[in-house]
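Please put together the full structure from these sequences, using the hints given.
Under my numbering, think of the first position of the sequence shown as 1, with each following residue one higher.
Everything labelled a hint here was simulated from the structure, so no lab data went into it.
Please note that the accuracy of each hint is not assured.
Listed below are the simulated DSS-like cross-link pairs for lysine-lysine, each with C-alpha atoms no more than 27 Å apart in a straight line [as the list claims (entries may be wrong)]:
no., residue 1, residue 2
1, Lys-158, Lys-90
2, Lys-48, Lys-172
3, Lys-172, Lys-147
4, Lys-172, Lys-73
5, Lys-48, Lys-154
6, Lys-90, Lys-104
7, Lys-48, Lys-90
8, Lys-48, Lys-158
9, Lys-48, Lys-205
Small disclaimer: the values here were computed from a predicted structure and weren't measured.
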Amino acid sequence: MANAPCVLIADDEPPIRRFLRTSLAAQGYRVVEAAAAADALDLAAREKPDLVILDLGLPDMNGLDVIRALRAKSDVPVIVLSVRGDEQGKVAALDLGADDYVTKPFGMDELIARIRTAMRHRFQAQGTPPVFAVGGVSVDLVRRVVKRGDSEIKLSPKEYELLRMLVLNAGKVLTHRQILNEVWGPAHVEDAQYLRVFVRNLRQKLESDPARPALILTEPGVGYRLHAPA
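Spelled out as structure tokens, the structure:
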């Protein structure tokens with residue numbers, strides 16, 4: 001499940017977290033969880049989840065302030081868990097940038113459908129189709145599934161993050177420093193050789209002829225560019 005979409009659960013009720021963790025894992029999601037707002041924001045910065053499920057009633061911070069903090073740094077989809085009747089909280093959360101809300105108690109089938117919808121809408125809002133396809137390679141950005149033809153390609157987490165960045169910027173030249181900073185962090189912005197190793201690995205897995213790449217193109221002395229669909 002290295003490439004499984006990551007969901008951050010922020011809820012102070014252990015039974016709710018346990019139920020969500022078990023149910024989401026069964027659907028193929030990777031789950032990280034926090035019982036307090038401070039831990040949730042730390043995990044959001046460190047794990048870069050694909051979606052956040054947020055209870056507004058966290059013990060150390062108002063859930064609306066958590067949404068503000070998330071939106072200051074990220075456009076990660078946020079689904080709010082709300083107690084029945086908390087209409088004012090729902091409206092405030094949506095106004096602050098939450099994507100959806102689910103009222104407790106809730107059904108898992110409904111929540112899974114809302115998760116998929118929120119992730120799909122986020123990619124569409126960014127102008128990126130949920131499934132990117134070029135040169136016989138397809139990347140499902142919602143499910144984190146990469147295929148060459150009909151065969152699924154297994155990528156390491158960092159290989160996927162590198163490919164995802166190229167996909168989100170298809171047709172644009174990305175410098176070595178831009179890629180290294182985004183995928184590996186500021187401490188690695190000078191490790192161009194490190195990046196070349198990962199690009200070579202991706203080409204081995206995705207290109208028809210890795211020695212003559214037609215998908216991941218090198219811009220000599222600058223960086224890389226993903227061939228954009230015609």
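Going through the earlier hints one by one, which of them does the structure break, listed in rising order?
Per hint list: single violation, 1.
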